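Student: Put the two chains together into one complex, using the hints given.
Chain by chain, the residues:
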Amino acid sequence: MNNNRLNNNFNSIYHPGRSNRGISLTEIMVGIALFMLAVIPSISYLFDTLKQSSSTEMENTAGLIAQSILDRLLDNMPFDSVNSSMTNLDEISGMSDEDGAANNKLKIKGQIYDIEIEVNTIKSDTIKFSFRRTPYIKRQTTTAEYAEAGNDISTLIKDDKKWKNKIDLKLKDITRHADKDFIKEIKLKISWKDKKNLKRSYEFVTMKTNLTLVKNEGG
Amino acid sequence: MTGFKIKKICGNLINSNSKGIIIPIVLIMSFIFVLFLFVLTNRNTANKRINMMDVERRKAYFLAKGGAQLALLKLSLLPTECYDALAISQLKNPFFSLAIGTVNPNPKDSKYNPGPKFLTLDEGERKSKLNDPQMIGTKEEPMKGTLNEFIVAFMDDIKLRGADVDANDERTTPYRHGFKAKKVKVLAVSEQKLYNKQTVELTIRGWVYDNNGQRKENEYTQIVEVERK
Numbered sequence: 001m002n003n004n005r006l007n008n009n010f011n012s013i014y015h016p017g018r019s020n021r022g023i024s025l026t027e028i029m030v031g032i033a034l035f036m037l038a039v040i041p042s043i044s045y046l047f048d049t050l051k052q053s054s055s056t057e058m059e060n061t062a063g064l065i066a067q068s069i070l071d072r073l074l075d076n077m078p079f080d081s082v083n084s085s086m087t088n089l090d091e092i093s094g095m096s097d098e099d100g101a102a103n104n105k106l107k108i109k110g111q112i113y114d115i116e117i118e119v120n121t122i123k124s125d126t127i128k129f130s131f132r133r134t135p136y137i138k139r140q141t142t143t144a145e146y147a148e149a150g151n152d153i154s155t156l157i158k159d160d161k162k163w164k165n166k167i168d169l170k171l172k173d174i175t176r177h178a179d180k181d182f183i184k185e186i187k188l189k190i191s192w193k194d195k196k197n198l199k200r201s202y203e204f205v206t207m208k209t210n211l212t213l214v215k216n217e218g219g
Numbered sequence: 001m002t003g004f005k006i007k008k009i010c011g012n013l014i015n016s017n018s019k020g021i022i023i024p025i026v027l028i029m030s031f032i033f034v035l036f037l038f039v040l041t042n043r044n045t046a047n048k049r050i051n052m053m054d055v056e057r058r059k060a061y062f063l064a065k066g067g068a069q070l071a072l073l074k075l076s077l078l079p080t081e082c083y084d085a086l087a088i089s090q091l092k093n094p095f096f097s098l099a100i101g102t103v104n105p106n107p108k109d110s111k112y113n114p115g116p117k118f119l120t121l122d123e124g125e126r127k128s129k130l131n132d133p134q135m136i137g138t139k140e141e142p143m144k145g146t147l148n149e150f151i152v153a154f155m156d157d158i159k160l161r162g163a164d165v166d167a168n169d170e171r172t173t174p175y176r177h178g179f180k181a182k183k184v185k186v187l188a189v190s191e192q193k194l195y196n197k198q199t200v201e202l203t204i205r206g207w208v209y210d211n212n213g214q215r216k217e218n219e220y221t222q223i224v225e226v227e228r229k
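These protein sequence lines map, in sequence, to chains A and B.
The first sequence maps to residues 1 to 219 in the numbering used here.
The second sequence maps to residues 1 to 229 in the numbering used here.
Here chain B stands alone, though its shape is the one from the complex (with noise of 0.2 angstroms):
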């Protein structure tokens, strides 16, 4: 009885009927061995991918941040100019008549400090303007719009330079790179009262072009104060 049931169990297996078997085994796992191999080539060849992309957006974070660098020097050497620009942007007169008031001992105190004066003739021709995209530019083109137009030429420079560089703006040793400023917000307008103090984010694009031409870019972002001397 029990001999009965082991040949019927293993007989299955190997009886005369499973003449053949082994090759299709022998072709399910070939199958599955190459499938694993298929995947563990594919995976390391996205790693490989992911890993150049990453290494092409170090590169242009790089050349963001040197490029945020050369943009704080100059508002460092410029602050009067830069600040001036900015308050423009706003409808705000960047000059400040130290006449109001009889006496004003220290006209960055609030007390001596009258806040922002406005460069339109009431507050509806302001607000209008302030949400006009021909006058501040649009989510999509910050810099572009009428008000705009100083911190651009404040900004325009910001970007490589040198007989090397070509009229994109790029040199292309050790290869083909740039970088350029994006963007100037300024921040915290309706709270900031003071006359001469203006907080701004500054965003600069830096880029490179990799081995098949493809250009890939990185921003650095700092926000800076900027105070009218």
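Next up, chain A with everything else stripped away, as it sits in the complex (with noise of 0.2 angstroms):
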């Protein structure tokens, strides 16, 4: 009698179509197709998704490469070292290049930055610094600390031609090394190919003077 019971209790479980009205075939089918309705879609999505993942890291690469050569170039290269002519960026770079040569590429995880360098040279006498003549102000000749009637501050502001006094100089003719180079544009650009196979780059522009010259032998 048990038996025959738990039988039936299995068939109604196991063959629930036989005993009750469960899951049928086209229920499933159904189901599936809903599935794949929503998922498909969604995978060619989800590969962009991973795509444009990987396209953003390798340009948070390039920008990290570009910030490392322009720190070395303004803070570590000599002045008449940074030229257009540079075939080591990789090696200035300081960073690890999985293709070892020194040359102007980085192979980082398998992807190649390619590296320009444009460096350019401006003359001295195209360029002109401007500044207020300091005004005539009578030397104090007392040990006092304050300043005598006639040679204060608002005496000096109500004159302009002791306050407004401005001045143009050329570099060329402030400096006694008038045949050197002092003010170098540099031009860094960074570029690579993305999981798209396009072309990306960035391009960074900065400054470099010849400060080393005017440390060591004086303006």
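Derived by calculation from the structure, the hints in this document are not laboratory data.
None of these values were measured; they are calculated from a predicted model.
Treat each hint with caution, since some may be false.
With a straight-line Cα cutoff of 25 angstroms, these simulated PhoX-like cross-link-like pairs (lysine-lysine) come out [what the hints assert, rightly or not]: (1) B/Lys48 x A/Lys196; (2) A/Lys180 x B/Lys159; (3) B/Lys127 x B/Lys144; (4) B/Lys48 x A/Lys164; (5) B/Lys48 x B/Lys127.
Here are a few chain A residues that sit away from chain B, every Cβ distance over 10 angstroms (derived from the structure) [to be verified]: (6) Ser84; (7) Gly94; (8) Glu98; (9) Gln111; (10) Lys128; (11) Asn197.
Now the in silico label distances, taken between C-beta atoms and shown as ranges [unchecked claim]: (12) B/Glu141 x A/Lys166: 18 to 28 angstroms; (13) B/Asn168 x A/Leu169: 42 to 52 angstroms; (14) A/Ser201 x B/Ile25: 23 to 33 angstroms.
Beta carbons: idealized from backbone N, C-alpha and C, even for Gly.
Tutor: Structure (structure tokens):
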């Protein structure tokens, strides 16, 4: 008696269609169709997202490469060594290069980043420096801390000839190194191909001046 | 008895009453999947935007750093003019009289250097002028103020130069960009008693415009000692 009841119960569980009307084949097919309808368009979207994520990582790496190179060019490299014919920018970057060779390419995580540099020297006779000439102020000849009447700020401000006397000087006229270059404009371009095989690039502009010359040999 | 329990438990899930349950389950799963995808895409887009902003800010930073190089060059070639401008902004007489004292072997030595001489008639006038925004500018506009006019004149040409620079001191290639001196702040004024030195904090602002025409800025600050020659 008990065995019969048990068999009936199992039949109803594992063969529901026979005793009860449960999940039908149609229902499963509709379920799968609905699931596919939701998932299939999303999968291509998912792949796009993953590609975009990879592109973002590349953009970040390119930015880091540029920052690393420019910091070193501005802070550590001698002025005369910075020029358009530099061929070891990968070494200057200080980043680990998977291709190992000294050139203007960096291979990071299998991705190649091309580095181009353009350096333009700005001639000293094209640069002007301006300032206001220091007004005539009587030197204080006493030990007093404060100014004598007529030699104080209120009097100076009222005198436009003293207060607003502006001067422009060419850079070559204020240095003893008139034949030397002082300013270089640097353009750095990092380019790479993203996962969609599209060419991407970042361009940076900065300036380097010959501060070492002035520091070592005077202005 | 055992069979009855199994039927009761499983039967709740798979029995005639659960007909059609698979479709809501599939819909819920699909919804969760799409939601996950939406969150992932959103996060990725936000990362990309942050990354782009970061790149624009880096470009602006190196423009500012280049501008600082130009400012340092001018400062090192014209230290006296810069010192004088800074001294006037602090209401100090930039000229030091070596006639003070009978013998002055080393005017840079504090023993022989009597310290600053001021350009006001008394201490009250000096304090009131150094607290007057019309004289020293405001926190928002630190380069404004009558006393800063010499510093402004000195730093005014710390900007992009060349034939291709427009009226806004910007260049449009390879993208619209520029830089300009933002602030020159004299440091440690009360402690700096010696005549011929001033320590200043130099701030240059660089900017670029992104693809949407939005201006992105960054600053570079350097502390530098200016010595009158």
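Student: Compare the structure with each hint and give your call.
Tutor: A quick look at each hint next to the structure:
no.	hint	verdict
1	B/Lys48 x A/Lys196	16 angstroms, holds
2	A/Lys180 x B/Lys159	22 angstroms, holds
3	B/Lys127 x B/Lys144	18 angstroms, holds
4	B/Lys48 x A/Lys164	50 angstroms, violated
5	B/Lys48 x B/Lys127	52 angstroms, violated
6	Ser84	16 angstroms, holds
7	Gly94	17 angstroms, holds
8	Glu98	23 angstroms, holds
9	Gln111	15 angstroms, holds
10	Lys128	7 angstroms, violated
11	Asn197	18 angstroms, holds
12	B/Glu141 x A/Lys166: 18 to 28 angstroms	21 angstroms, holds
13	B/Asn168 x A/Leu169: 42 to 52 angstroms	25 angstroms, violated
14	A/Ser201 x B/Ile25: 23 to 33 angstroms	49 angstroms, violated
The structure fails to meet hints 4, 5, 10, 13 and 14 from the earlier list, while all remaining hints are met.
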